[in-house]
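Protein sequence lines, in the order shown, are assigned to chains A and B.
Using UniProt numbering, you'd call the opening residue of the first sequence number 1 and step up by one each time.
Using UniProt numbering, you'd call the opening residue of the second sequence number 1 and step up by one each time.
Mixed in with the good hints, there may be bad ones.
Okay, the calculated bits of chain B under chain A, using three or more residues with CB under 8 Å as the criterion [claimed, not checked]:
id, segment
1, 66 to 75
2, 83 to 90
3, 121 to 129
4, 134 to 142
5, 147 to 155
6, 223 to 234
Everything labelled a hint here was simulated from the structure, so no lab data went into it.
Note that CB positions come from ideal geometry on N, CA and C, so glycine has one too.
Number of protein chains: 2
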Amino acid sequence: MQIPCRTCPLRALPTFQSLSPEELAVTEKLKRGELRVEAGMPILSEGSNSPQLFTVLEGQALRFKSLENGERQVLGFVFPGDFIGLQAAVMAEMEHSVTAVTPMLLCVFDRGDLVRLYQDSPTRAFDLTWIAAEEESMLAEALATVGQQGARARVAWGLLRLMDRAETAGLVRDGVAPMPFRQHDLADALGLSVVHTNKTLASLRADGLATLRDRTLTIHDRPRLERLVGTTMRRARTRPLI
Amino acid sequence: MQIPCRTCPLRALPTFQSLSPEELAVTEKLKRGELRVEAGMPILSEGSNSPQLFTVLEGQALRFKSLENGERQVLGFVFPGDFIGLQAAVMAEMEHSVTAVTPMLLCVFDRGDLVRLYQDSPTRAFDLTWIAAEEESMLAEALATVGQQGARARVAWGLLRLMDRAETAGLVRDGVAPMPFRQHDLADALGLSVVHTNKTLASLRADGLATLRDRTLTIHDRPRLERLVGTTMRRARTRPLI
DNA sequence: CGGAGAATTGAATTTTATCAACTGATGTGG
DNA sequence: CCACATCAGTTGATAAAATTCAATTCTCCG
Numbered sequence: 001m002q003i004p005c006r007t008c009p010l011r012a013l014p015t016f017q018s019l020s021p022e023e024l025a026v027t028e029k030l031k032r033g034e035l036r037v038e039a040g041m042p043i044l045s046e047g048s049n050s051p052q053l054f055t056v057l058e059g060q061a062l063r064f065k066s067l068e069n070g071e072r073q074v075l076g077f078v079f080p081g082d083f084i085g086l087q088a089a090v091m092a093e094m095e096h097s098v099t100a101v102t103p104m105l106l107c108v109f110d111r112g113d114l115v116r117l118y119q120d121s122p123t124r125a126f127d128l129t130w131i132a133a134e135e136e137s138m139l140a141e142a143l144a145t146v147g148q149q150g151a152r153a154r155v156a157w158g159l160l161r162l163m164d165r166a167e168t169a170g171l172v173r174d175g176v177a178p179m180p181f182r183q184h185d186l187a188d189a190l191g192l193s194v195v196h197t198n199k200t201l202a203s204l205r206a207d208g209l210a211t212l213r214d215r216t217l218t219i220h221d222r223p224r225l226e227r228l229v230g231t232t233m234r235r236a237r238t239r240p241l242i
Numbered sequence: 001m002q003i004p005c006r007t008c009p010l011r012a013l014p015t016f017q018s019l020s021p022e023e024l025a026v027t028e029k030l031k032r033g034e035l036r037v038e039a040g041m042p043i044l045s046e047g048s049n050s051p052q053l054f055t056v057l058e059g060q061a062l063r064f065k066s067l068e069n070g071e072r073q074v075l076g077f078v079f080p081g082d083f084i085g086l087q088a089a090v091m092a093e094m095e096h097s098v099t100a101v102t103p104m105l106l107c108v109f110d111r112g113d114l115v116r117l118y119q120d121s122p123t124r125a126f127d128l129t130w131i132a133a134e135e136e137s138m139l140a141e142a143l144a145t146v147g148q149q150g151a152r153a154r155v156a157w158g159l160l161r162l163m164d165r166a167e168t169a170g171l172v173r174d175g176v177a178p179m180p181f182r183q184h185d186l187a188d189a190l191g192l193s194v195v196h197t198n199k200t201l202a203s204l205r206a207d208g209l210a211t212l213r214d215r216t217l218t219i220h221d222r223p224r225l226e227r228l229v230g231t232t233m234r235r236a237r238t239r240p241l242i
């Protein structure tokens with residue numbers, strides 16, 4: 001175990017709630033080690049019943065569901081601080097897959113320890129429910145966008161959501177976010193074809209709203225982009241880090 | 001308080017997990033009363049911070065998100081046994097609204113008591129996380145369908161999902177489910193126009209797959225419908241009842 | 001330098017939305 | 001009991017949006 005929770009660099013970010021010494025101790029006891037994952041490697045697979053859960057320390061990943069026709073729906077973009085595998089822990093098995101997009105460093109937990117956590121620390125247990133509820137509202141926002149909005153609004157929403165997640169994870173410098181995800185990933189998240197996504201991106205760029213290029217994302221005109229998006233976007237708030 | 005939890009008719013259904021006497025006692029202490037709601041009335045509103053949470057005893061409702069352009073995305077169909085308002089309890093406020101579609105009878109809880117539940121009963125706390133995770137995977141399934149499938153597959157999925165929920169709630173007699181939701185509601189759930197939903201329903205009916213008519217739903221050919229749906233549909237499993 | 005994956009562009013085609021009109025059931029007041 | 005209003009559902013014609021297909025260009029690595 002390389003990094004103890006108390007000195008985890010993520011905890012220093014304003015995004016994450018601070019823990020009491022007791023909570024920190026309980027959490028630290030859970031940590032089983034660290035895991036490095038190469039870019040492109042699967043972390044959890046739909047239908048599997050992984051004995052391991054993870055918190056992302058470094059790198060980015062994709063959550064997605066595969067369909068029988070070969071398509072896939074991207075459910076969300078995974079950033080440092082995100083907890084992976086709660087579903088596998090709570091339900092019988094994962095309902096979606098997670099794959100690394102960049103090299104990653106993961107903090108590893110044992111599924112079996114979760115039950116003990118519910119007994120030992122009500123506040124940490126509550127945090128797990130919070131995380132599940134948070135993911136639920138992210139998905140609801142995505143569904144509302146994909147179900148009811150046209151391509152421009154969808155792409156605008158996708159870009160703002162990506163920027164927000166990157167900011168939360170402390171990855172943005174000078175308004176520029178590193179963006180390892182490809183247009184194809186974005187298309188699969190928005191329910192659009194790659195071609196149409198590309199054309200819409202070009203149009204947003206031409207209008208001076210945002211640029212996705214060279215593995216980086218820049219928002220040029222946030223107010224106008226936000227006006228394009230038809231849903232009130234939830235800004236990330238401080239959140240628990242498991 | 002009319003019905004005590006121990007004699008709640010919902011608990012008799014095979015769908016719901018049975019509780020230990022201790023768990024039942026803890027749960028019963030939470031119940032604050034019952035509430036009748038007329039058809040069409042709002043139960044919880046997006047942005048509100050309701051002090052009340054509910055378990056549905058009778059009747060059906062819709063979860064949905066409203067967009068700025070006046071459209072709405074239906075996030076899910078609410079049936080007896082469903083828990084409403086977990087989001088308001090865990091996050092600061094509701095991210096979606098819930099409106100009664102039929103007259104309803106609700107079991108009422110106080111938001112503040114939830115925190116105590118996490119201290120008093122780890123297993124019941126775990127059940128709440130389970131519920132949040134369940135809703136998450138429902139939404140993921142919906143997103144995958146709306147994002148990646150054509151109209152026929154979407155409608156087929158919607159009908160099967162409705163039938164599954166009705167069966168789970170013990171509402172189906174002779175393969176026929178009462179269905180108070182309108183085609184318009186289904187359309188808003190699937191991200192299709194009412195007209196196109198109607199035409200697709202007609203086509204499924206003509207092909208002998210399913211009939212939605214006179215406020216009832218009948219599945220004629222489940223295997224073929226399931227083949228139409230491109231996702232492996234999760235069948236409802238036994239679940240906790242709060 | 002060469003090659004593979006990603007991004008971009010321009011049609012042609014398909015799917016879905018929109019518009020508009022009509023049917024059928026239900027309910028109300030005169 | 002009938003005229004009238006209302007609302008959900010149905011249908012056909014037309015318009016708009018997005019997909020698919022087919023190249024071509026660009027970028028990054030080995």
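Q. The segment 121 to 129 of chain B covered by chain A? Criterion: 3 or more residues, Cβ-Cβ distance below 8 Å.
A. n = 6 at 8 Å, threshold three: holds.
Q: Verify the coverage statement for the segment 223 to 234 of chain B against chain A, using a C-beta to C-beta distance below 8 Å and requiring 3 or more qualifying residues.
A: Contact hint for the segment 223 to 234 of chain B vs chain A: holds, 4 residues under 8 Å.
(Q) Is the coverage entry for the segment 147 to 155 of chain B by chain A consistent with the three-residue Cβ rule at 8 Å? (A) holds (count 3)
Q: Examine the segment 134 to 142 of chain B for residues whose CB is less than 8 Å from any CB of chain A, and state whether their number is three or more.
A: holds (count 8)
Q.
Tell me whether the statement that chain A covers the segment 83 to 90 of chain B is true, taking a Cβ distance below 8 Å and needing three residues at minimum.
A. It holds: at least three residues are needed, and the segment 83 to 90 of chain B offers 3 whose Cβ sits within less than 8 Å of chain A.
Q) Counting residues of the segment 66 to 75 of chain B whose CB is closer than 8 Å to a CB in chain A, do you get three or more? A) holds (count 7)
The structure meets every hint from the earlier list without exception.
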